[in-house]
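Fit chain X to the known structure of chain Z by using the hints.
Chains as they are written, first to last, in my numbering: chain Z, 186 to 345; chain X, 3 to 268.
It is worth saying that the hints were derived from the structure and are not from the lab.
Label pairs and their in silico Cβ distance ranges:
1. VAL256/Z / GLY11/X: 52 to 60 Å
2. VAL38/X / GLU187/Z: 28 to 36 Å
3. GLY235/Z / ALA188/X: 27 to 35 Å
4. ASN86/X / ASP299/Z: 31 to 39 Å
5. SER136/X / GLU187/Z: 28 to 36 Å
6. VAL15/X / SER327/Z: 55 to 63 Å
7. ALA261/X / ASN332/Z: 43 to 51 Å
8. ASP336/Z / ALA188/X: 48 to 56 Å
9. GLN317/Z / ALA261/X: 32 to 40 Å
No more than 25 Å apart at the CA atoms, straight line, and that leaves these computed lysine-lysine pairs for PhoX-like:
10. LYS279/Z / LYS308/Z
11. LYS238/Z / LYS265/X
12. LYS306/Z / LYS254/Z
13. LYS306/Z / LYS279/Z
14. LYS254/Z / LYS279/Z
15. LYS265/X / LYS254/Z
Keep in mind the model is a prediction, meaning the values are calculated, not measured. Think of the CB as a built atom: it goes at the ideal place given N, C-alpha and C, for glycine as much as any other residue.
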Amino acid sequence: MERSTLNLWVGVFVLLGFFAFLMLAFKVGNLSDGGGTSTYTVISHFDNIGQLKERAPVRSSGVLVGRVKSVRFDPVHYNAEVTLAIDGRYLFPKDTSASVLTSGILGEQYVGLDAGGDDQKLKQGDEIKITQGAVVLERLISQFMFNKAQDSGSDKGNKK
Amino acid sequence: MAQNALIRGLQQVGDHALKIVERMGAVMIFLGLILVHSANSFRRFGLTIREVYFAGVQSLIIILVSGLFVGMVLGLQGYETLQNYGSEQSVGILVALSLVRELGPVVAALLFASRAGSAITAEIGLMKATEQLSAMEMMAINPIARVVAPRFWGGVISMPLLAMLFSAMGIVGGFLVAVVLIGVDAGAFWSQMQSAVDFRHDIVNGIIKSLVFGVAISAIATFEGYEAPPTAEGVSGATTRTVVSSSLAILALDLVLTAFMLKGWN
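The following block holds chain X by itself, in its conformation from the complex:
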């Protein structure tokens, strides 16, 4: 009896693991499908612009405010620790490098996944539940080209812009706390930052990261919406899954990308 329970437990674990791998494969195939049917979202660029508005412009407030707060906290914490070593001017380096390399792309992507990714999933899922997608197919309009691809590209375009705004805003926040509030010398703050932050190694790599995250979030969000069971429960479950799996994907991809970027690409 005990053996049977053990085997059943193992089977469940195996079943779960296989389902996860299957879903990842399905997302990749879906991403391929989107890329194949992307021509329309550039030929009729208005469709994509509309999605940039919903995904990007509407996430602007949360990104800017969070960036400001994150930068301020970094300034405070960094000053507190660096002061022990008598190098409080380096707080600029600390704020800028941690934002540009890591926090900007990652936190902006996490916020973007929960703010815009979930909305994309819910929208597409509801379109499916109310049979709008089937109706399009009936009229010989490919729903992937008409509905999914513009949302995907809207997300991909918005994500790097939002990450850069997050970093820039965070650095302003760090400046406000460290220089205006605490009184670190402004010249040292900026000049140390400039000598430490490299355009190619830090800023461009950060932008590459946010671009990869944008692709991952948009692919997962559109996939979950498109594959959502056409019920109220199905759509709500899909929305939750979007946030959970894209957050995990962001953090896992970040580890891989960071490892490559620190080591160099060869």
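Just chain Z, with the same shape it has in the complex:
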């Protein structure tokens, strides 16, 4: 085979591979929506995080604004310490509240941010003070059953 045709084909091959890489990176992957932009981290303490995992989405009004960076147990406060990496383009007021929410009934869990009204913005390393943990289904059910039992008990009492 001619050297030049050989080079041509290899060139086409490498170029195709490069295009495949670009497609994977931008069309399939998340490099286009801020995969490389700077983030700042804030911490927050939750009494219960449910099934929240690392790299779970952080959403505000349903829009992806960051990701959960790490989850660990805080041995001082005896609760869960969650570090959130938030996209540098989005600044939130100091009194923003965070809650662990579930998308759909059986969907993944994510952190929802509700902006407050403070003039000061959250900075790198700040803490989100107002938090609400995940809703645990067992507790909800047991609470419901307990109330139900209490109601029917008091009903019987009224009849007598």
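What follows is chain X alone, placed relative to chain Z:
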């Protein structure tokens, strides 16, 4: 008598096991030798380009077509199952993640081992059988630097490109089936995929996998060719061994790499 047979059976098992370990060690030493004598394949890059053509460009058709089919099947099967849960839009996530993380690197590597690896082994084995390698040594040309190293690097360069093309083609196939044929919403297909596939954790890890597979296949293929008995039977046996052992190596390495990548490297 029965005891003797038992002992002999055990001896055979032990002998076999030792031979396998010995061969793995020999491949590693050979890989070291290739790396030591690699300077030539970059100084005279034309040699390597020639091998990229034979290993990579000629595997292009089989990789692209298989990728398309695999992606289409994933789209069909994924839709069929996800539809039960009313989340058929997630078919994009399913297709993209399974291709980028696993199927792209692994299936492309298996195809590459049987398409290009066997050809490399047969070529080098035949060069040895026809004493071309000895002739080079007579002329004070190191056959590892002149023949083996360019083929090794050709394979290593081709493998990640082929794996990425496989994944990209598979995603196109999944798109064709899920969106064009079945009618899943195109916007949801791509946006769910983009929110689930992470560049660093999924795509870069997939490329690392294919690079490791490329090194393994090329090292095994060149080793088997170089060590093949210089007969017709020897070369055919070596070709078979290349496909078998590199397929096993790919799957075993994939398990180890996946375990590390899911856990994080620490």
